[in-house]
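Working from the sequences, and respecting the hints, build out all of it.
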Amino acid sequence: MRIATWNVNSIRSRVDRVEAWLHRSDVDVLAIQETKAREDQFPYQRFTDLGYEVAHHGLNQWNGVAILSRVGLDDIAIGFDGDPGFGDPVAPEARSIGATCGGVRIWSLYVPNGRALGDPHMDYKLAWLEQLRQRAGDWAADGTPLALCGDWNVAPQDEDVWSMEYFVDKTHVSPPERAAFNAFLDDGFVDVARPYTPGPGTYTYWDYQQLAFPKRRGMRIDFVLGSAGLTERVSGAAIDREERKGKGASDHAPVIVGLDGDDGAAAERVTT
DNA sequence: ATGGTCGCGCAGCGA
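If you're matching positions, the first sequence starts at 1 in UniProt numbering and goes up one per residue.
Simulated from the structure, these hints should not be mistaken for laboratory data.
A hint or two may mislead.
Restricting the straight-line Cα-Cα distance to at most 25 Å, the calculated cross-link-like pairs of lysine to any residue (SDA-like) are [stated by the list, open to error]:
| # | residue 1 | residue 2 |
| --- | --- | --- |
| 1 | K247 | L50 |
| 2 | K36 | D49 |
| 3 | K245 | P43 |
| 4 | K170 | E159 |
Have a look at the derived ranges for each label pair, beta carbon to beta carbon [said to hold, decoys possible]:
| # | residue 1 | residue 2 | range |
| --- | --- | --- | --- |
| 5 | P120 | V71 | 39 to 47 Å |
| 6 | R24 | D186 | 34 to 42 Å |
| 7 | K215 | D49 | 35 to 43 Å |
| 8 | A267 | G103 | 23 to 31 Å |
| 9 | D142 | V71 | 15 to 23 Å |
| 10 | G261 | D169 | 28 to 36 Å |
| 11 | L50 | G103 | 18 to 26 Å |
| 12 | A183 | G246 | 32 to 40 Å |
| 13 | L50 | A265 | 16 to 24 Å |
Even glycine gets a Cβ: it sits at the ideal position worked out from N, Cα and C.
Printed below as a string of structure tokens:
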């Protein structure tokens with residue numbers, strides 16, 4: 001079994017690339033973030049035609065999360081939007097969806113962007129992460145393998161950004177954000193891709209601006225955090241940096257995790 | 001190539 005997470009930055013503008021990527025990557029479950037689509041705008045048919053079941057949670061043209069699965073898609077749950085304490089400071093946003101796929105509990109998560117240190121959105125981000133952590137403990141309690149997949153908008157280690165000097169007084173690396181992320185690790189969740197994709201320089205996101213990708217100015221902010229029951233089954237992982245290349249790429253690369261002997265290796269890609 | 005972002009939706013904001 002092979003799972004993956006990918007912030008696609010609009011499913012409508014990325015559907016051809018996602019479809020082609022699924023074709024060559026042999027992924028059983030894909031957690032998608034930033035679909036930027038309402039329910040009526042999501043291209044369900046394109047993925048059902050490929051043999052995937054689809055669960056999508058989208059409220060507007062921002063954010064939005066989905067899970068594609070060809071190994072079953074059950075017990076779909078929407079996270080947070082309507083819960084006390086989770087009101088976005090500006091507007092309700094679709095940031096989490098969960099489902100059980102092939103016996104693994106998958107969550108697709110789009111952690112709020114704090115925008116700036118001291119901004120109310122940063123308080124919201126930290127509160128959101130803490131609430132997620134509390135729930136994740138509940139979800140993992142029965143021993144079902146749990147994968148928290150998504151764009152965490154946190155670079156937990158110095159090597160996860162291209163320059164710590166650049167990130168002085170910026171978001172994603174601040175102590176409170178790192179503490180919020182590390183609290184998951186303290187609870188026993190494991191960043192399962194990292195041992196197979198050691199840094200430095202193994203990023204998952206590169207800004208569209210300033211030629212960040214060719215200059216290798218990236219960040220590692222997309223993670224699969226596994227419960228103990230998932231982590232013991234992980235047998236490989238990869239970041240498909242090739243997918244960031246070329247016209248029409250998302251600003252994020254997919255992160256692939258293989259289970260039960262699958263090496264998770266990104267598919268060979270014919271480049272031109 | 002002596003510059004240099006996308007995507008939303010159609011102005012300007014968010015990432």
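Hints versus structure:
Pair hint K247 plus L50 holds up; C-alpha atoms about 24 Å apart against a cutoff of 25 Å. For the hint pairing K36 with D49, the CA-to-CA distance comes to about 21 Å; that is within 25 Å, so the pair holds. Straight-line distance between C-alpha atoms of K245 and P43 comes to about 23 Å, which keeps the hinted pair within the 25 Å bound. A threshold of 25 Å between alpha carbons decides the hint, and for K170 with E159 the separation of about 15 Å falls inside it, so the pair holds.
Separation of P120 from V71 is about 40 Å and conforms to the stated range, judged on CB atoms against 39 to 47 Å. Taken as a hint, the range 34 to 42 Å holds for the pair R24 and D186, whose Cβ atoms sit roughly 37 Å apart. Distance hint check: the CB atoms of K215 and D49 are about 38 Å apart, consistent with the given range 35 to 43 Å. Separation of A267 from G103 is about 24 Å and conforms to the stated range, judged on CB atoms against 23 to 31 Å.
In this structure, D142 and V71 meet the distance hint of 15 to 23 Å, their C-beta atoms being roughly 20 Å apart. Checking the proposed 28 to 36 Å range against G261 and D169 shows it is violated: the Cβ atoms sit about 45 Å from each other. Distance hint for L50 and G103: a CB-CB separation of about 22 Å, consistent with the stated range 18 to 26 Å. At roughly 37 Å, the beta carbons of A183 and G246 sit within the given window of 32 to 40 Å.
Restraint check, L50 to A265: a C-beta distance of roughly 21 Å satisfies the suggested window 16 to 24 Å.
Against the hints set out earlier in the document, a violation occurs for number 10 only.
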